[in-house]
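Based on the provided sequences and hints, a complete structural model is requested.
Residue numbers (the working numbering), protein chains in the order written: chain A, 11 to 292; chain B, 3 to 365.
Quick caveat, the hints were computed from the structure, so don't treat them as lab data. None of the values given here were measured: they were computed from a predicted structure. Treat each hint with caution, since some may be false.
Unchecked claim - Straight-line C-alpha distance at most 35 Å; calculated DSBU-like pairs for lysine-lysine:
(1) B:LYS277 - A:LYS225
(2) A:LYS170 - B:LYS268
(3) A:LYS45 - B:LYS218
Said to hold, decoys possible - Reference listing, derived: stretches of chain A covered by chain B, where coverage requires no fewer than 3 residues with Cβ under 8 Å from a Cβ of chain B:
(4) 108-119
(5) 133-146
Note that beta-carbon positions come from the ideal geometry of N, C-alpha and C, so glycine has one too.
Spelled out from the first residue to the last, the chains are:
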Amino acid sequence: MNQYNINPIVGTTKSIINPQKEIVEDTRPDMLVCKDIAKIYPTPKGDYTVLSDLQLTVKKGEFISVIGHSGCGKSTLLTMIAGLNDISKGHVFVDGEEVREAGPDRAVVFQSPSLFPWMTALQNVMIGVKQVFPHATKKQKQDICKYYLDKVGLGNDFHKRASELSQGMQQRVGIARAFALKPKVLLLDEPFGMLDSLTRGELQDVLLEVWQKEKITAIMITHDVDESIFLADRVIMMTSGPFAKIGDELKIPFERPRNRVDILEHPDYYQYRGYLMDFLNH
Amino acid sequence: MKDKILQLTGIQSFLSPWVNIFKGEETKKNINILLKSYIFPLLSILLFVLVWHTGATYLYNKEATSKIEKARAERGEAAALEVQNCIYSGEVGCQPNTLPSPAKVWEAYLSLLADHKIISGKKEAFAKKVEKTNAKRAEQGKAAITYTGRPSFVDQIGTSLKTVFAGFLLAAFIAIPIGIIIGLSSTLRTSMNWLIQILKPVSPVVWLLLVFMIVKTLMSDSDMDKSFMISFISVGLCSMWATLVNTSMGVSTVDKDFVNVAKVLKLSIGQNIFKVVLPSSLPMIFTGLRITLSVAWMVLIAIELLAQSPGLGSFVWEEFQNGANDSNAKIIVAMFVIGMIGFGLDRIMMVIQKMMSFNKEVA
Ligand SMILES: Nc1ncnc2c1ncn2[C@@H]1O[C@H](COP(=O)(O)OP(=O)(O)OP(=O)(O)O)[C@@H](O)[C@H]1O
Ligand SMILES: [Mg+2]
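Right under this line is the structure:
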């Protein structure tokens with residue numbers, strides 16, 4: 011199985027960029043725990059078990075990405091964590107509390123930007139901020155919104171209507187809206203899937219930059235192997251459904267803050283990439 | 003803003019080919035646009051008038067011949083000749099009663115306008131005459147004396163517009179809230195569906211009778227304008243269905259992503275309705291309102307005609323009953339006025355509808 015000379019599972023791998031430094035066991039507390047979860051969709055032809063017996067633990071401040079074949083149940087897993095989809099069996103805990111419904115402590119960035127097109131960029135962020143910080147003054151709330159919009163590069167577009175923004179700009183607002191909620195977990199379902207590759211790269215940088223400051227536990231679904239390596243501390247590989255579970259995982263020990271060029275030029279990059287491609291092609 | 007209004011009303015697209023031809027830009031393309039959008043429609047109207055004129059002339063001749071023949075059969079050759087002379091001399095009293103020609107209709111239109119001037123003059127004079135008396139009456143707390151003479155054609159138009167507007171508002175006030183409520187709950191939607199489907203196709207006449215039964219009993223001793231009440235309520239009830247159905251559709255089909263965002267943000271029910279559901283269904287609601295207004299205008303004429311309430315409908319009916327020699331022409335004037343007002347109302351609604359839709363995709 012391991013034709014590449016790396017150990018994918020948590021352990022004492024040498025950091026590739028900095029070989030002197032050893033990766034030690036992650037001692038951070040668990041932020042997200044999925045325990046024995048299953049998802050069964052009732053269909054006219056009988057029950058369809060998408061996920062079964064799935065275990066996942068994400069440490070506080072960790073960025074993980076999830077890859078897997080189309081239809082294997084990645085979105086299902088994410089929406090269950092978000093509380094937007096019933097959990098058929100098992101339990102999901104966020105910061106020790108069991109998930110029962112959706113809430114702003116688990117911000118979601120959807121594949122389509124899903125901004126309210128009749129609101130401005132600022133209003134779209136504000137509607138969430140108002141929910142999370144009901145006691146803040148108007149000025150404070152405005153400052154939070156403007157801070158994040160500025161961070162995602164929309165400093166000059168506060169008052170543009172969402173419907174007047176390009177797809178990429180809309181998704182920037184989506185990212186700002188999610189971070190402005192100060193969530194415990196950030197859930198991203200192929201947030202850049204609809205964008206062209208140039209915009210996609212820009213937005214990956216934006217996401218990493220904001221994330222670097224906040225270190226919010228993040229789970230991102232993607233189809234793009236390079237994206238998963240560039241962004242994540244750990245890549246989760248899901249098996250194909252039905253009865254999908256987590257097949258394998260790969261630690262990405264590149265140092266942060268990361269820089270696209272450094273990572274692409276790193277001698278070990280293609281080993282990681284090959285490992286993931288290998289998983290997907292089987 | 004000015005540009006936006008020009009663009010939305012279609013004035014810009016109306017003017018731009020002219021301007022461009024004048025500037026000498028893309029002459030050939032713009033001439034084609036002009037031909038297609040203005041010259042051909044105008045030609046088709048011209049053709050319509052021509053067909054109408056030919057048809058009316060044929061009918062006129064047919065009616066005239068049969069009149070002469072009838073006189074000959076009943077009263078002999080001399081009488082027939084007399085009738086014939088009378089007809090061709092243009093004497094008003096013995097004109098054949100049939101579909102009027104375009105020229106006659108135009109004459110009738112001018113005479114209606116003249117009539118309006120006379121009546122407004124009378125009204126003004128009357129208002130001056132009773133000014134002092136009315137002031138006194140107002141001091142004594144009595145109602146003012148108002149002009150009760152025959153309304154002019156233009157007054158009738160005003161009354162109709164007032165009625166249709168009241169009916170339209172009533173429809174909106176009933177249909178939008180109910181539409182929202184049943185749109186939010188699929189249980190309510192399925193339970194109301196039959197009722198709506200059964201009531202929707204009911205004819206305006208039946209609504210009128212129903213409203214008549216209720217209003218007559220409810221307001222037996224009120225001094226409000228009963229016929230106005232009856233007609234505007236019936237108009238509202240007939241026309242509200244499109245808005246009701248569209249509102250509930252719009253509300254029930256809010257984008258799933260928006261629903262999810264609202265859930266993640268934990269919006270309260272009120273916030274959810276006013277910040278998410280309503281704005282996202284506004285385009286659908288306004289499409290419904292546009293249909294409602296056009297239906298309202300269409301049924302209004304029939305309802306006024308039946309309810310004997312003042313307005314264009316009763317104008318048409320009175321002229322028909324009246325049977326004066328220019329009555330038919332006046333009816334056709336009314337027909338065109340009704341059509342053009344309907345067109346105008348629809349245009350206004352279209353502009354509002356376009357302004358309301360955030361995607362700018364309304365045809
Ligand atoms: N509401 C539903 N009812 C029945 N089956 C469903 C429902 N939603 C999803 N599924 C099925 O569950 C499986 C997993 O769907 P899911 O959307 O989670 O896949 P995914 O991994 O996100 O795919 P993609 O990469 O294409 O987004 C699919 O086979 C899908 O057909
Ligand atoms: Mg998916």
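Checklist entry - Among all the numbered hints in the text so far, which are the ones the structure does not match? => result Of the numbered hints, just 3 does not hold.
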